[in-house]
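Q: All chains, full assembly: derive it from the sequences and hints.
So the sequence shown is numbered by the numbering used here: it starts at 79 and just counts up by one.
Any given hint could be a false lead.
Label pairs and their calculated CB-CB ranges [as the list claims (entries may be wrong)]:
| # | residue 1 | residue 2 | range |
| --- | --- | --- | --- |
| 1 | 228 | 287 | 49 to 57 Å |
| 2 | 263 | 206 | 13 to 21 Å |
| 3 | 328 | 195 | 46 to 54 Å |
| 4 | 132 | 357 | 31 to 39 Å |
| 5 | 235 | 260 | 45 to 53 Å |
| 6 | 287 | 163 | 26 to 34 Å |
| 7 | 286 | 336 | 14 to 22 Å |
| 8 | 132 | 287 | 22 to 30 Å |
| 9 | 264 | 99 | 38 to 46 Å |
| 10 | 391 | 357 | 20 to 28 Å |
| 11 | 260 | 147 | 27 to 35 Å |
No lab work stands behind these hints, which were simulated from the structure alone. The C-beta atom is built at its ideal place from N, Cα and C for all residues, glycine as well.
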Amino acid sequence: MERPFLPSGLRRLIEPLIEGYAALNRRLWVLIVPIGLDLFLWLGPRVSPERLAEALRAVVASVPQVDPAQGTQVMEALREWGQTANLCHLLSAYLLPLFVPRLGTAEPPGYAPPRWAPEPAWMLLLPVVALLLGLLFWSLYITPLADLVRGNPQRGTALLTRMLRTWGRMARLLAVVAFGCVVFLLPAGFLASLSALLSPGLAALMSFLGLAFLLWILFYLYFAPSAVPFSGVGPLRAIYYSLQVVRSNFWQSLGFVLLVTFIRLGTAALWQRLGNYPAGVVVGILGNAYIGGGLAAACLIFYRERLRMWLTGRDRGRQNARYLA
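A: Put into structure tokens, the structure is as follows:
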């Protein structure tokens, strides 16, 4: 009997990637969303927080500094942030496989994009609007892939309705996660400050434990964004499904997350080199959209298969319990 070329564990991690890119090849038109948004972020207007940075610099300058060197560093960091940041990058919502927001890119020769520095009061509204629009773009992109992976592709009005529902559910999911982070960070920050007064070593240990705990939670929530479009559920149910998928397939989930992260970091090094040249930016935008789209589809497929395994095991356990009752 011929032995398989790859160990079964590694094969189970690679199969979602193969199936994911096969699914993407049947819906290549969804890449219009990340490609178009990347081109806009590359060539479109820059929304600069320069005026907000100047207002914050004035506040820092008016406060007596215990350490003048540290105050100078803060002032310089605010100045650099105001000059280089582009609030339009919030449109990526860090869910789309975008190229421009993550890497520095070279602009076409002789081209200077328009720049807008809004008043500081606008800075309370613009990030929220940008994040909501970014989630809408993500919903337009991920919902057709999720429907294809489910084996129930939608068209027309039905697809548009699914996209809008995914948008609302994902916005609520991020609100729940943000609220949870605030609830966690407030006492964690208090404990870190208290431990710093007692011992610098204890403060470092507390910071490490807090970071490890936060990464652990984010790992268990990794598949919640896949649960929203695939299962069509709200934020709490999406979190519950993600927890169950990771809990019931811990090592496979960890291996898959590490594999996806390794691919993203590896390709990011290539995109970094391409981003130094305008022609390379175009190649990077196209390549990054395709690789990121395949990984997004692979996450949906991994979630689908492990969710089915968990649901089957749960139903079998309930049936056995019914027989034993």
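Q: Where does the structure disagree with the numbered hints, that is, which hint numbers, in rising order?
A: Per hint list: 1, 5, 8 and 10 violated.
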